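We have chain A already, so just place chain Y on it with the hints.
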Amino acid sequence: MEFQRREAPFLAPQVGVSSIMLQVLAAMVPAAMAHVWYFGPGFLFNLLVAAFFASAGEAMMLSLRSRRPETGLTDYSALVTAALLAFALPSLTPWWVTATGALFAVVVAKHLYGGLGFNIFNPAMAGYVVILVAFPMHLNLWVAPSMGDLDYQHLTILQTLKFTLTGSLPDAIAVDAISRATPLDVMKSGLNNARTVAEIRSIPIMGDFGGRGWEWIGNFLAFGGFWLLIKKIIRWQIPVGVGIGLLLPATIMYMVEPGSHASPGFHLFGGATILCAFFIATDPVTAATSPRGRLIYGIGIGFLIYCIRRWGSYADGVAFAVLLMNMAVPAIDYLTRPHIIGHSEGRGRSGGTVD
Amino acid sequence: MSAPTYDLGTLHGGLRLPGHKADSTRSAILDIPVPSQLILPITQHVGDPAQPIVGIGERVLKGQLIAESEGTLGAPVHASSSGKVIAIEPWPVSRRYGDTAPCIVIECDGKDEAIARADAPPNFTRLEAPDVLRKILQGGIVGLGGAVFPTAQKLMQARTCEIDHLLLNGVECESYISCDDMLMRERAGEIISGAQILMHALQIDVCFLVVESDKPDAIQKLGDVLGEISDDRIVLKQVPTIYPSGGEDQLVQLVTNREVPSGGLPSDVGCLVQNVGTAAAIHSWVIDNEPLISRVTTITGDGVANPINVRARIGTTIADIIEITGGYTDKAQQLIIGGPMTGKSVSTDRVPLVKATNCVLVMSETPAIGPELPCIRCGDCASVCPVQLLPQQLFWYACADDEKKLRDFGLMDCIECGCCDLVCPSHIPLTADFRVAKGRIRELADEKARAARARLRFEARNDRLEREETERASELSEQKESAKKAGPSAIAEILKRKKKKHEEDK
Numbered sequence: 001m002e003f004q005r006r007e008a009p010f011l012a013p014q015v016g017v018s019s020i021m022l023q024v025l026a027a028m029v030p031a032a033m034a035h036v037w038y039f040g041p042g043f044l045f046n047l048l049v050a051a052f053f054a055s056a057g058e059a060m061m062l063s064l065r066s067r068r069p070e071t072g073l074t075d076y077s078a079l080v081t082a083a084l085l086a087f088a089l090p091s092l093t094p095w096w097v098t099a100t101g102a103l104f105a106v107v108v109a110k111h112l113y114g115g116l117g118f119n120i121f122n123p124a125m126a127g128y129v130v131i132l133v134a135f136p137m138h139l140n141l142w143v144a145p146s147m148g149d150l151d152y153q154h155l156t157i158l159q160t161l162k163f164t165l166t167g168s169l170p171d172a173i174a175v176d177a178i179s180r181a182t183p184l185d186v187m188k189s190g191l192n193n194a195r196t197v198a199e200i201r202s203i204p205i206m207g208d209f210g211g212r213g214w215e216w217i218g219n220f221l222a223f224g225g226f227w228l229l230i231k232k233i234i235r236w237q238i239p240v241g242v243g244i245g246l247l248l249p250a251t252i253m254y255m256v257e258p259g260s261h262a263s264p265g266f267h268l269f270g271g272a273t274i275l276c277a278f279f280i281a282t283d284p285v286t287a288a289t290s291p292r293g294r295l296i297y298g299i300g301i302g303f304l305i306y307c308i309r310r311w312g313s314y315a316d317g318v319a320f321a322v323l324l325m326n327m328a329v330p331a332i333d334y335l336t337r338p339h340i341i342g343h344s345e346g347r348g349r350s351g352g353t354v355d
Numbered sequence: 001m002s003a004p005t006y007d008l009g010t011l012h013g014g015l016r017l018p019g020h021k022a023d024s025t026r027s028a029i030l031d032i033p034v035p036s037q038l039i040l041p042i043t044q045h046v047g048d049p050a051q052p053i054v055g056i057g058e059r060v061l062k063g064q065l066i067a068e069s070e071g072t073l074g075a076p077v078h079a080s081s082s083g084k085v086i087a088i089e090p091w092p093v094s095r096r097y098g099d100t101a102p103c104i105v106i107e108c109d110g111k112d113e114a115i116a117r118a119d120a121p122p123n124f125t126r127l128e129a130p131d132v133l134r135k136i137l138q139g140g141i142v143g144l145g146g147a148v149f150p151t152a153q154k155l156m157q158a159r160t161c162e163i164d165h166l167l168l169n170g171v172e173c174e175s176y177i178s179c180d181d182m183l184m185r186e187r188a189g190e191i192i193s194g195a196q197i198l199m200h201a202l203q204i205d206v207c208f209l210v211v212e213s214d215k216p217d218a219i220q221k222l223g224d225v226l227g228e229i230s231d232d233r234i235v236l237k238q239v240p241t242i243y244p245s246g247g248e249d250q251l252v253q254l255v256t257n258r259e260v261p262s263g264g265l266p267s268d269v270g271c272l273v274q275n276v277g278t279a280a281a282i283h284s285w286v287i288d289n290e291p292l293i294s295r296v297t298t299i300t301g302d303g304v305a306n307p308i309n310v311r312a313r314i315g316t317t318i319a320d321i322i323e324i325t326g327g328y329t330d331k332a333q334q335l336i337i338g339g340p341m342t343g344k345s346v347s348t349d350r351v352p353l354v355k356a357t358n359c360v361l362v363m364s365e366t367p368a369i370g371p372e373l374p375c376i377r378c379g380d381c382a383s384v385c386p387v388q389l390l391p392q393q394l395f396w397y398a399c400a401d402d403e404k405k406l407r408d409f410g411l412m413d414c415i416e417c418g419c420c421d422l423v424c425p426s427h428i429p430l431t432a433d434f435r436v437a438k439g440r441i442r443e444l445a446d447e448k449a450r451a452a453r454a455r456l457r458f459e460a461r462n463d464r465l466e467r468e469e470t471e472r473a474s475e476l477s478e479q480k481e482s483a484k485k486a487g488p489s490a491i492a493e494i495l496k497r498k499k500k501k502h503e504e505d506k
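Taken in order, these protein sequences are the chains called A and Y. The numbers in the first sequence follow my numbering, run straight up by one, and end at 355. The numbers in the second sequence follow my numbering, run straight up by one, and end at 506.
Just chain A, same shape as in the assembly (with noise of 0.2 Å):
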């Protein structure tokens, strides 16, 4: 009997890319509703918004590369890419905001860069920054979080649809009415002012610790985080690394001056730190891959997101210092290659110990 000749291994991979992306979407879903839940359908008219634009900017560039645009619509990347930018935009952004984002995401910082896996930067930090340069008003139109006791006026579906396609309110209503500075807004800019952390804690908007409504989105993204940790499909050195790289700093400023100083858990729950430690940082494509290569990546951009929203002039700090990490992949990548076996000092006959 004559059979076909294959290469070996024989077995089937166990993964794939699309899987992976289709896991990490599912793990935003409970975050998502949240976001719903307090601020509003807006994220879900952002998130159609980026995720046309990121499609249409993936399958155009795929054509003009010449390669099949079914294989890079069919991973799903441009879709996380997608709901990452969402993610980071305020509920209420006109749909050309965040089409720019998405569209300079997918076609600069990934397609001009070679396509999936090739890209240095992450592309929604790309998107968001390009975004925050081009339209920073926009980004400061944070609706007041639906949390009952709060007195504000909320829009209604209709409205925030005509928001997101014509970029106005309806005239009854003005922006003051509906919106509000976020938590990290709060908290700078009334630290510029001299007042202290208790009293700015004081203010309503600040919730337990990080600010109502986003410390809960950020406890439903931890949950999909840990989802994610269990599935392996990311682990746990970047995580584990922003938050010591942002809390270490933060603990020991609280500690020495709690006055001026925000709380650990105020950075931890506050602004996109969730976001970023499960989410954006471990974009494995941008991120190290060594082992210890990615505890320093996340040590890093903690670090880099706690000097920014300290000492920088942003509110928060997760885009740029997630682009700067980027940067330094190559040199971490490189320096904390793991040793190969065989190539090891002392571990031949006199390093060994049998009982």
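Please note that the accuracy of each hint is not assured.
Below, a list of computed lysine-lysine pairs in the BS3-like style, where the Cα atoms sit at most 30 Å apart [stated by the list, open to error]: (1) A:K231 to Y:K500; (2) Y:K500 to Y:K485; (3) Y:K496 to Y:K480; (4) A:K232 to Y:K21; (5) Y:K485 to Y:K496; (6) Y:K498 to Y:K484.
If you're looking for bench data, these hints aren't it; they were derived computationally from the structure. It should be emphasised that the depicted structure is a prediction, and the values quoted were computed from it without experimental measurement.
Then chain Y, alone, in the frame of chain A:
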């Protein structure tokens, strides 16, 4: 029985593979009758081919030497049964994936008549160690774990080093393969006897008998035999079921916590590893006078009707064996000699069972896994690599054909275990790519060596020509000098002589 002990080193990475061993271990080892025709390749081992010493038409007996080993590395081949040599011709072999290589074809007469031999000494311990080695050399015994390195030469090499441990490898970590498991269950005594012969030949006192934890029956049986003979030099060790802990270097690391140096051998760190099947074959030859003419092999996979372990004569074709065990199922789409991780996919079942054949895996097509995607640098490959390589970096450099970086990042240390392929979410055939890259590096090295040799030859030739030129010049000037000294009459004399000679030549 002596209890298994657990003090072990660690192995980096590895995989827990689906075992698929239950099907083939349900019934006892089946003896396959002598077939009508035996195909005996003259190369069934690492090293130089054996040279046939029988002619076509000659009658041979079971156990008779039919091809002698020549050169420094090799093993002889014996007739697996009695019959007539009908051809020495190219035949498909598994070593070449179903392409042909020279084989001795014997038409069996069915009498299975054995060659007469002098009786073996009643006790091998009376033999001197070098005599035991010589005996093993003559038995055609090679490593039966699949690597088929000639055992005698391995032992001789080891004797030049300071060996303190014999490791008997009963790990059998690949999926589907269960021939060592069944051998340990059924012939534990022979394996341990083989270990004693090996220890005597090496003059050492420590033997670890290493078995994976998924073989409780084998562990039980070996423990029983060890308890009976109470030889406390042999220690049974159980290791966790992780692929590829049965790789030679990996086993040394796992059991003794010693690292075999890159490009080196276990003997460099005082260890000698032998497969349990090899130990049993040594017992058969040294004690029972039967050279290596049969072996146990696993017939398994969803492509065969009855997965089972068989003992067949070396040279029986795979087709014959499978027919006797119950034939194929309609899922028989791939024929793999060896395990599913490192085996060889062969094109035809006309290939014979050889000394290396530890498993015949017939299975349905590997499920389609979609197109190869770009590497996303997830690093899962690095986390399973037992040698702690960075396959994602190696892949990158292999694509760029960067020989220096490939060497820097340890490509030549890759053991081709296939773990990285199985965890790669982008479905990149890393192991196959690395095999190609390694081949190219070896070729480059050969080419460089050839170029260096050619340059040396060229330079030597130039030197010689130059030397000859100067010698000729100095000779000529010497002649001129002496002629000048002798005066014009002598010159005329010389010229006349030359002219005369010239005419004579005409």
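Here is what the structure says about each hint:
Between the alpha carbons of K231 of chain A and K500 of chain Y the distance comes to roughly 102 Å, so the proposed pair goes past 30 Å and is violated. In summary, the hint linking K500 of chain Y to K485 of chain Y is supported, as the alpha carbons are separated by about 23 Å, within the 30 Å threshold. Distance check on the hinted pair: K496 of chain Y and K480 of chain Y sit about 16 Å apart at the alpha-carbon level, within 30 Å; holds. Annotation: proposed proximity of K232 of chain A to K21 of chain Y holds, straight-line Cα distance about 27 Å (limit 30 Å).
Between K485 of chain Y and K496 of chain Y, the direct Cα distance comes to roughly 18 Å. Compliance with the 30 Å bound is thereby established for this hinted pair. Taken as a hint, the K498 of chain Y and K484 of chain Y pair is honoured in the structure, with Cα atoms around 17 Å apart against an allowance of 30 Å.
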